[in-house]
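> Here's the letter readout for the chains.
Protein chains: 2
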Amino acid sequence: MQRLKCELAYDGSAFSGYQIQPNKRTVQGELEQALLKLHKGQVVKVYASGRTDAGVHARGQVIHFDTPLQIPGERWSVALQTLLPDDISILAVTKVAPTFHARFDVTAKEYRYLVYREQAHDPFRRNFAYHYPYSIDIAAIKAASRHLLGVHDFSSFCSAKTEVEDKVREMYEIEVMEDGGFLVFRFVGNGFLYNMVRILVGTLLQVGAEKIAVADIPAILAKKNRIYAGKTAPPQGLYLWKVFYESCITTCPGVK
Amino acid sequence: MQRLKCELAYDGSAFSGYQIQPNKRTVQGELEQALLKLHKGQVVKVYASGRTDAGVHARGQVIHFDTPLQIPGERWSVALQTLLPDDISILAVTKVAPTFHARFDVTAKEYRYLVYREQAHDPFRRNFAYHYPYSIDIAAIKAASRHLLGVHDFSSFCSAKTEVEDKVREMYEIEVMEDGGFLVFRFVGNGFLYNMVRILVGTLLQVGAEKIAVADIPAILAKKNRIYAGKTAPPQGLYLWKVFYESCITTCPGVK
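Keeping their order, the protein sequence lines are chains A and B. The first sequence stops at residue 256 when you use the working numbering, and every number in between is there. The second sequence stops at residue 256 when you use the working numbering, and every number in between is there.
If we strip away everything but chain A, and leave its shape as in the complex, we get (with noise of 0.2 Å):
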């Protein structure tokens, strides 16, 4: 038995997320299916590094799962991708330790959010990004992001369905830039709640309307409750973009 580490970029569109669900199709689901099949009906579970909600997008997810065959490293991406669907790529795939975890060993994540700002809708980025033709002032989102930097409780920033009991974060990175005609919104940090990151561009694009002030950043983080905070971005412009295992302050490119 040996455990093997994989790291994968998905097309959300057309996936009800990434966990598994009876009668969905999800992208857990897809690669279940395919160590199954690889497996000749042997079931093998894969463990994620966090799930991605519908029509999410990941550049770089990773999952571990532990397996029996002996496949040389290098054709275990071959093989895999052969019996995956065209909208799940996997990108790589290593022996790790058989203590390694995907989910629990994470030191960082890394998420990016694209919108675009042309007053007309664009076909070709519908499912790919967040159409938002209306002006931004940068300089406002930029400064208010600076409120978000650091260790705080997030509870004013994460669905109030989230479960997980210990809401305090460190947000390492919030970096907001022009790139390749999209606005994109980077963050780095040692955890993300759930629907934190579409919460947080939500309302940063109202700190960039004007409608929520710069200095009421750090009143709504302390008030710990999600009302306060903006909308929620939609989930096509949402991408995981890099799960991180190293420790983070020396290792990770980009980490201030």
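Be aware that one or more of the hints could be misleading.
[Claimed, not checked] What follows is a set of in silico ranges between Cβ atoms, one per label pair, in the way DEER data are often shown:
{"hint": "1", "chain 1": "B", "residue 1": "Leu83", "chain 2": "A", "residue 2": "Ala143", "range": "56 to 66 Å"}
{"hint": "2", "chain 1": "A", "residue 1": "Leu149", "chain 2": "B", "residue 2": "Ala143", "range": "49 to 59 Å"}
{"hint": "3", "chain 1": "B", "residue 1": "Gly150", "chain 2": "A", "residue 2": "Pro133", "range": "36 to 46 Å"}
{"hint": "4", "chain 1": "B", "residue 1": "Glu210", "chain 2": "A", "residue 2": "Glu163", "range": "55 to 65 Å"}
{"hint": "5", "chain 1": "A", "residue 1": "Ser135", "chain 2": "B", "residue 2": "Glu74", "range": "46 to 56 Å"}
{"hint": "6", "chain 1": "A", "residue 1": "Glu178", "chain 2": "B", "residue 2": "Ala213", "range": "41 to 51 Å"}
{"hint": "7", "chain 1": "A", "residue 1": "Asp179", "chain 2": "B", "residue 2": "Glu74", "range": "26 to 36 Å"}
{"hint": "8", "chain 1": "A", "residue 1": "Lys45", "chain 2": "B", "residue 2": "Glu163", "range": "48 to 58 Å"}
{"hint": "9", "chain 1": "A", "residue 1": "Val78", "chain 2": "B", "residue 2": "Ala219", "range": "37 to 47 Å"}
{"hint": "10", "chain 1": "A", "residue 1": "Thr107", "chain 2": "B", "residue 2": "Glu118", "range": "21 to 31 Å"}
{"hint": "11", "chain 1": "B", "residue 1": "Ala143", "chain 2": "A", "residue 2": "Ala139", "range": "32 to 42 Å"}
{"hint": "12", "chain 1": "B", "residue 1": "Glu74", "chain 2": "A", "residue 2": "Asp153", "range": "41 to 51 Å"}
{"hint": "13", "chain 1": "B", "residue 1": "Lys24", "chain 2": "A", "residue 2": "Asp153", "range": "49 to 59 Å"}
{"hint": "14", "chain 1": "B", "residue 1": "Val44", "chain 2": "A", "residue 2": "Gly180", "range": "51 to 61 Å"}
[What the hints assert, rightly or not] Covered by chain B, according to a simulated footprint, are these stretches of chain A (three or more residues, beta-carbon under 8 Å):
{"hint": "15", "stretch": "1-11"}
{"hint": "16", "stretch": "122-136"}
{"hint": "17", "stretch": "169-178"}
[Claimed, not checked] Sample of chain B residues facing chain A (criterion: CB under 7 Å; computed from the structure):
{"hint": "18", "residue": "Ala9"}
{"hint": "19", "residue": "Asp11"}
{"hint": "20", "residue": "Ser13"}
{"hint": "21", "residue": "Ala14"}
{"hint": "22", "residue": "Asp87"}
{"hint": "23", "residue": "Glu118"}
{"hint": "24", "residue": "Ala120"}
Bear in mind the hints are in silico, worked out from the structure with no lab data behind them. Computed from a prediction, not measured in an experiment: that's the story for all the values here. Note that beta-carbon positions come from the ideal geometry of N, C-alpha and C, so glycine has one too.
For chain A, the structure is supplied; the task is to place chain B on it using the hints.
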């Protein structure tokens, strides 16, 4: 009654092509359905610059139709967009002379074909470009392209199913460039036959793979028979980019 010219973009992924067909989802079908609603049940036929096949995209398709409705010009885009699915986008609607015809008045068309060459399959580009992760001799492709410029009988470069008699067309420009992570083939000509761009790209890629010699292109043209050209590249890389109605020599950007 007035005649309107309408420019539109569409993601061809979920359409059985442009042209209306019974029990299929088509771009023309969606447009005529939207116009039927807008005209309270009165049938309005649309005329396009030409068809596009299933899976083929448009950045600048042009249609015309006649309407008795008195809607101010700038409101037309919104009125139509509201009634259309989000994989079609209305870019502009303008009043034209009653003699204008979206198909018969075309003076030139520009098509682009996008290829991505990274080793790994990309789930975000699978419907929007052709995955060709092999080595390519770009200089050979450019040299071969030069043989295709000018006036030729393109019988070898169109589907055997092509119904038109006269297969002589003039190719004004072929450009092969790297742009935004894609290898882009750009074709501007006075007219294109059925599957012509896809066969041109398939053949040029085989030239790039050294399976067809640059010097063979004139001979392939001279044969006037589809079986001598290369493969038909798949539909998802193809975009009807722009349709020209002016005297092309003086007004088309990029035409040499």
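> Look at each hint and say if it fits the structure.
Consistency of the hints with the structure:
Between B:Leu83 and A:Ala143 the beta carbons are some 41 Å apart, a value that contradicts the proposed interval 56 to 66 Å. Separated by about 55 Å at the C-beta atoms, A:Leu149 and B:Ala143 satisfy the suggested range of 49 to 59 Å. Judged by the Cβ atoms, the range 36 to 46 Å given for B:Gly150 and A:Pro133 holds: they are separated by roughly 43 Å. Against the hinted window of 55 to 65 Å, the Cβ-Cβ separation of B:Glu210 and A:Glu163 comes to about 59 Å, which satisfies the hint.
Checked against the hint of 46 to 56 Å, the C-beta distance between A:Ser135 and B:Glu74 comes to roughly 19 Å, which is inconsistent with it. At roughly 45 Å, the beta carbons of A:Glu178 and B:Ala213 sit within the given window of 41 to 51 Å. For A:Asp179 and B:Glu74, the Cβ-Cβ distance of about 31 Å falls inside the hinted range of 26 to 36 Å, so the restraint holds. For A:Lys45 and B:Glu163, the hinted distance range of 48 to 58 Å is satisfied, since their beta carbons lie about 56 Å from each other.
The supplied range of 37 to 47 Å is met by A:Val78 and B:Ala219, whose beta-carbon atoms lie about 38 Å from each other. Restraint check, A:Thr107 to B:Glu118: a C-beta distance of roughly 28 Å satisfies the suggested window 21 to 31 Å. For the pair B:Ala143 and A:Ala139, the supplied restraint of 32 to 42 Å is violated, since their beta-carbon distance comes to about 51 Å. Between B:Glu74 and A:Asp153 the Cβ separation comes to about 48 Å, which falls inside the hinted range of 41 to 51 Å.
The hinted range of 49 to 59 Å is satisfied by B:Lys24 and A:Asp153, whose Cβ atoms lie roughly 54 Å apart. Restraint check, B:Val44 to A:Gly180: a C-beta distance of roughly 38 Å breaks the suggested window 51 to 61 Å. Residues of the stretch 1-11 of chain A lying with their CB closer than 8 Å to a CB of chain B number 3, which satisfies the three-residue condition for coverage. A count of 5 residues in the stretch 122-136 of chain A with a Cβ less than 8 Å from any Cβ of chain B is obtained; the coverage claim is therefore met, three being the minimum.
Check on the stretch 169-178 of chain A: 0 of its residues sit with their Cβ under 8 Å from a Cβ of chain B, so the three-residue criterion for coverage is violated. Interface restraint check: B:Ala9 against chain A, minimum CB-CB distance 6 Å, threshold 7 Å, status holds. Look at B:Asp11: its Cβ gets to within about 4 Å of chain A, closer than 7 Å, so that hint holds up. Annotation: interface hint on B:Ser13 violated; nearest CB of chain A at approximately 9 Å, more than 7 Å.
The closest approach between the C-beta of B:Ala14 and any C-beta of chain A is roughly 10 Å, which is over the 7 Å cut-off, so the hint fails. The closest approach between the C-beta of B:Asp87 and any C-beta of chain A is roughly 5 Å, which is under the 7 Å cut-off, so the hint is satisfied. Interface hint status for B:Glu118: violated, as the beta-carbon distance to the closest one in chain A is roughly 10 Å, over 7 Å. A least Cβ separation of about 6 Å between B:Ala120 and chain A falls short of the 7 Å threshold, and the interface hint therefore holds.
Hint compliance for this structure: hints 1, 5, 11, 14, 17, 20, 21 and 23 are not met, and every other hint is.
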